[in-house]
Amino acid sequence: MRISGTPRTPLVALALAAVLTACGGGTSGTDGGGQHGGRQDGRPGTQARPSASPSTDLTRIPGVGDRLLRQIPAQSRQVVAVYGKGEDSAQSTVALFTKRGGTWDRDRTWTAHNGKKGWTTDHREGDKRSPVGVFTLTDAGGVLADPGSKLPYNRSSAFAAPRYWPRTHWHDFDLVIAIDYNRVKGTSPIDPTRPEGQAKGGSIWLHMDHGSGTSGCVSLSKPAMEHLLRTLDPKQHPVIVMGDRANLGA
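Residue numbers (mature numbering (1 follows the signal peptide of the UniProt record, and there is no 0)): -24 to -1, 1 to 226.
Rather than coming from a laboratory, the hints here were simulated on the basis of the structure. Each residue gets a CB set at the ideal place from its N, CA and C atoms; glycine is no exception. There could be a bad hint or two in this list.
So the derived label-pair ranges between C-beta atoms look like this [claimed, not checked]:
1) Pro38 with Lys126: 22 to 32 angstroms
2) Tyr140 with Asp42: 37 to 47 angstroms
3) Pro210 with Pro38: 23 to 33 angstroms
4) Arg143 with Gly41: 35 to 45 angstroms
5) Pro210 with Arg36: 17 to 27 angstroms
6) Leu34 with Ala222: 14 to 24 angstroms
7) Tyr140 with Leu45: 34 to 44 angstroms
8) Arg36 with Ser133: 35 to 45 angstroms
9) Pro210 with Pro171: 33 to 43 angstroms
10) Tyr140 with Pro49: 36 to 46 angstroms
11) Gly162 with Gly124: 14 to 24 angstroms
12) Gly77 with Lys126: 26 to 36 angstroms
13) Arg76 with Gln47: 19 to 29 angstroms
14) Pro138 with Thr169: 13 to 23 angstroms
Given only the sequences and the hints, what does the whole structure look like? Please build it.
Spelled out as structure tokens, the structure:
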């Protein structure tokens, strides 16, 4: 189900609200209850920023053990690697790798955030942890106009964060890339369908960062999101490999 525009029926509106609540995770507290998104208030030192990194050719993706490397499809030539600082930490680093020939070229790295309670190998609805694993990246969208995404992009006002959230979280979903965890590929990120059931959680996205932990998504600065949207190419079969450093290296 590809959703465009503002929802027209109460049923659809309720479904979309459930998706955003699952991704946003909470409605109260000065920090948004650990919700996630892009801080747009101009306050210094709160928004994750890209960090420059020289291009480096590697024979394998650093920090990723054989267990997860084997799960990366052979045809995948682009990998977004999310290195969580620790199992119970909300801080992480994101790096983009492109395979050329037999080596991986590290494109850029950025500071980022993940679930406010860290990581889990058995993600559940509402646990405030990000799922460890390898997942495809197939669909994108957001409130803002398409910045030049190579992935299918669904622009819709339905992505807008609820206005009862703190103002610092209102731009969370201006730009979104769906992580294919418990969702239907080929649909808008806001599609609420969860093939493995509600208890397994869902609506796990890459989206804009507000400077603190999320409810399960991975959040980055706006420039980082724009770069990923313009770079990730369906023809290269992009995937994300994500987790805390101990689980990644296992």
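Verification of the supplied hints:
Against the hinted window of 22 to 32 angstroms, the Cβ-Cβ separation of Pro38 and Lys126 comes to about 25 angstroms, which satisfies the hint. The supplied range of 37 to 47 angstroms is met by Tyr140 and Asp42, whose beta-carbon atoms lie about 46 angstroms from each other. Under the hint 23 to 33 angstroms, the C-beta atoms of Pro210 and Pro38, about 25 angstroms apart, fit the expected range. Restraint check, Arg143 to Gly41: a C-beta distance of roughly 41 angstroms satisfies the suggested window 35 to 45 angstroms.
A C-beta distance of roughly 24 angstroms is found between Pro210 and Arg36, which places it inside the suggested range of 17 to 27 angstroms. A beta carbon spacing of about 20 angstroms between Leu34 and Ala222 agrees with the range 14 to 24 angstroms that was offered as a hint. Checked against the hint of 34 to 44 angstroms, the C-beta distance between Tyr140 and Leu45 comes to roughly 43 angstroms, which is consistent with it. Between Arg36 and Ser133 the CB atoms are about 43 angstroms apart, so this pair conforms to the stated range of 35 to 45 angstroms.
Separation of Pro210 from Pro171 is about 21 angstroms and departs from the stated range, judged on CB atoms against 33 to 43 angstroms. A hinted range of 36 to 46 angstroms holds for the C-beta pair Tyr140 and Pro49, which are about 41 angstroms apart. Separation of Gly162 from Gly124 is about 20 angstroms and conforms to the stated range, judged on CB atoms against 14 to 24 angstroms. For Gly77 and Lys126, the Cβ-Cβ distance of about 22 angstroms falls outside the hinted range of 26 to 36 angstroms, so the restraint is violated.
The supplied range of 19 to 29 angstroms is met by Arg76 and Gln47, whose beta-carbon atoms lie about 21 angstroms from each other. Restraint check, Pro138 to Thr169: a C-beta distance of roughly 21 angstroms satisfies the suggested window 13 to 23 angstroms.
The structure is inconsistent with the numbered hints 9, 12, although it conforms to all the rest.
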